[in-house]
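Please arrange chain L on chain H, whose structure you already have, making use of the hints.
There are 2 protein chains.
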Amino acid sequence: MDSIPPELHQLRKSIDNIDAALVHLLAERFRTTQQVGKLKADLSMPPSDPSREAAQIERLRNLAKDADLDPEFAEKFLGFILAEVIQHHQELAAGEG
Amino acid sequence: MDSIPPELHQLRKSIDNIDAALVHLLAERFRTTQQVGKLKADLSMPPSDPSREAAQIERLRNLAKDADLDPEFAEKFLGFILAEVIQHHQELAAGEG
Numbered sequence: 001m002d003s004i005p006p007e008l009h010q011l012r013k014s015i016d017n018i019d020a021a022l023v024h025l026l027a028e029r030f031r032t033t034q035q036v037g038k039l040k041a042d043l044s045m046p047p048s049d050p051s052r053e054a055a056q057i058e059r060l061r062n063l064a065k066d067a068d069l070d071p072e073f074a075e076k077f078l079g080f081i082l083a084e085v086i087q088h089h090q091e092l093a094a095g096e097g
Numbered sequence: 001m002d003s004i005p006p007e008l009h010q011l012r013k014s015i016d017n018i019d020a021a022l023v024h025l026l027a028e029r030f031r032t033t034q035q036v037g038k039l040k041a042d043l044s045m046p047p048s049d050p051s052r053e054a055a056q057i058e059r060l061r062n063l064a065k066d067a068d069l070d071p072e073f074a075e076k077f078l079g080f081i082l083a084e085v086i087q088h089h090q091e092l093a094a095g096e097g
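Same order as they appear, the protein sequences are chains H and L.
In terms of our numbering, the first sequence has 86 at position 86, counting the first letter as 1, and numbering is strictly consecutive.
In terms of our numbering, the second sequence has 42 at position 42, counting the first letter as 1, and numbering is strictly consecutive.
Extracted from the complex, chain H is given alone in its bound form (with noise of 0.2 Å):
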């Protein structure tokens, strides 16, 4: 199977740079949210905002459509984001963090 058509190749590497790109956002989008996870901590905020989350929701499903990515992804994925990053404020606010 080492046969890979030169198209596919090619293909394949664009999915790597994109890859890494997101990874690198990502480790960005965790650090920047450890900031508001300690914030909510120190001042005793609960650690999810559902009127910000539908916000976000709302703005990304727009953003989706623009791009021509399905919006029903675009809030899958938001939505999985979210559980990490509210597991993560939930352990900073038990004082694991």
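Possibly wrong hints are sitting among the right ones.
One copy or two, it doesn't matter: identical chains are merged, so the pair holds either way.
[What the hints assert, rightly or not] Below 30 Å or equal to it, Euclidean Cα-Cα: the simulated DSSO-like pairs (lysine-lysine) are:
1) LYS76 - LYS13
2) LYS13 - LYS38
3) LYS13 - LYS65
4) LYS40 - LYS76
5) LYS65 - LYS38
6) LYS76 - LYS38
7) LYS40 - LYS13
By construction, these hints were calculated from the structure, which means they are not laboratory data.
Chain L alone, transformed into the frame defined by chain H:
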């Protein structure tokens, strides 16, 4: 609950910028995997490729470590994306694309 601390407001603006970048990179990633899907369907190649996926996981885990991102999360993230991609490829192979 309209009194958002200024520091939180600033952090949220950074998160919103990062999320817009993530959505656009994801849109570009799916544009690329759609080309992969068409190519694989044309060449009657299977939608998934376990050895390619194993290499992607290993590479992203290492990139994550260098960026101080939890490698477990990076692997979960790739799994989340690949599940969507493989679903698209199966739709293409079934002639629904």
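Status of each hint after checking the structure:
1. LYS76 - LYS13: Classified as both; 26 Å inside a copy, 21 Å across copies.
2. LYS13 - LYS38: Between copies, since 17 Å is at most 30 Å while 38 Å is not.
3. LYS13 - LYS65: The answer is both: 26 Å in one copy and 21 Å across copies each meet 30 Å.
4. LYS40 - LYS76: both (25 Å within a copy, 26 Å between copies)
5. LYS65 - LYS38: So LYS65 and LYS38 pass the 30 Å test across copies only (22 Å; inside, 33 Å).
6. LYS76 - LYS38: both (26 Å within a copy, 24 Å between copies)
7. LYS40 - LYS13: between (40 Å within a copy, 16 Å between copies)
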